[in-house]
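Q: Okay, here's what each chain looks like letter by letter:
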Amino acid sequence: MIQTALIMLAVGVFAGIAGSILGIGGGMIITPILTLGMGLNIKYAIGASIIAVIATSSGSTIAYLRDNVLNLRVAMFLEIATTTGAIVGALLTGVLDPKYLYLLFGCLLVFSGWNMYRKLRRGSEVLQRVEPDKIASKLKLNGSYFDKAEAKNIDYQVENVPAGFSVMFGAGVASGLLGIGSGAFKVMAMDTFMKMPLKPSSSTSNLMMGVTAAASATVYFFNGAILPGIAVPMALGILVGAVIGSRIMQILPARWIRIVFIPIILYIGLEMLFKGLGVHF
Amino acid sequence: MAQNKSTANEMAQVETVIGRILQVGVIFSAIVMLIGLVMFLTTGFSGYDGSYVPRRMGQILVGTWQLRPYAIMMLGVYCLILTPVLRVVVSIYAFYKERDHLYVAITTLVLFILLVALFIGING
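These protein sequences, in sequence, are chains A and B.
For the record, in the first sequence the residue sitting at position 47 is 47 according to this note's numbering, with numbers rising by one throughout.
So the mapping is simple: this note's numbering equals the position in the second sequence, first residue as 1, plus 1000.
The shape of chain A in the complex, shown without the other chains (with noise of 0.2 Å):
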């Protein structure tokens, strides 16, 4: 029982950490660890993991909110369609042969890591050309943070908002079907079509995250799906990872965040499509 206790810990201090750099929720590092590596039940690896990606989320959205990373009006109004999506994505669940949706946020997430890969080999961080766009001016969705690692403010512009808020959907879908945080998605609806820059991109969508996993928490919660024993001593360690990773995010230049990204991404797209065609190892 101690064991479990501590091994639960160290796996969430270890989550807490790589999902607040890589701006994903640790749903993701979560499930496979404690399915494959411990032998639980999917149905409580599930609600362990979502527990997981509101502390993420709590823990570090703390730090960057005082930092101004944070675009509160990108995130606020992404939301809308994140939590909806969670909803469609609760009521789905059992309905839709979730085969389906492997495969397609497989493919969206080996295409992200492409595109990612693609950016790296142009070189250093830039910020994109983006054509003055009227729904983002209308919405103020526009916004400035200061850079540490390059010791500066910089203002950026947002475009294709139709575009993101559709995907943030269908984040939030994966999010309530599966009970991940799908920051992943979050990352690449702000990253790739919005054109945000990669450091507001992550702690947005971190934030982001946690109220989407709100919506699908509560149905996990009364359900029955939370296992205290476990879902405890890992929500503790990752409150603390995720306080430190926040620390180390802000010092770490984008390129590295990026390179530590793409493999990542490229795994988990590769890990989900072969689950939708039925492919085990």
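No false leads were slipped in.
Subject to a maximum C-alpha distance of 27 Å in a straight line, what follows is the list of computed DSS-like cross-link-like pairs (lysine-lysine):
#: 1; chain 1: A; residue 1: LYS140; chain 2: A; residue 2: LYS152
#: 2; chain 1: B; residue 1: LYS1097; chain 2: A; residue 2: LYS134
#: 3; chain 1: A; residue 1: LYS43; chain 2: A; residue 2: LYS275
#: 4; chain 1: B; residue 1: LYS1097; chain 2: A; residue 2: LYS140
#: 5; chain 1: B; residue 1: LYS1097; chain 2: A; residue 2: LYS138
These aren't lab readings, by the way, just hints derived from the structure by calculation.
Starting from the structure of chain A, add chain B where the hints point.
A: The following block gives chain B in isolation, referenced to the frame of chain A:
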């Protein structure tokens, strides 16, 4: 120009207050979870028969009052689930302070969607 500056200062203050509120919320749920976990590990007893986990709100509150470790742990988890909701609530206030009516409306809509989700969770 001076007006802008004072608004910016005001916003910075509001954001600091929001940060504090959230910190308190997260730390509170962490402490509740930690108390439950320590009790569970030291007594070796969850407070319930077998692997039973309380999940109705009434059960959890009564169990917490009776100092049952699993009930306290679940209470902490529930508080943690509510922290993002708290985030949305205080953001409405922040946009209101900024006189940004569009975003007061948008954020209120998000809160409404979350409440619908809570309602579905409890009844579904």
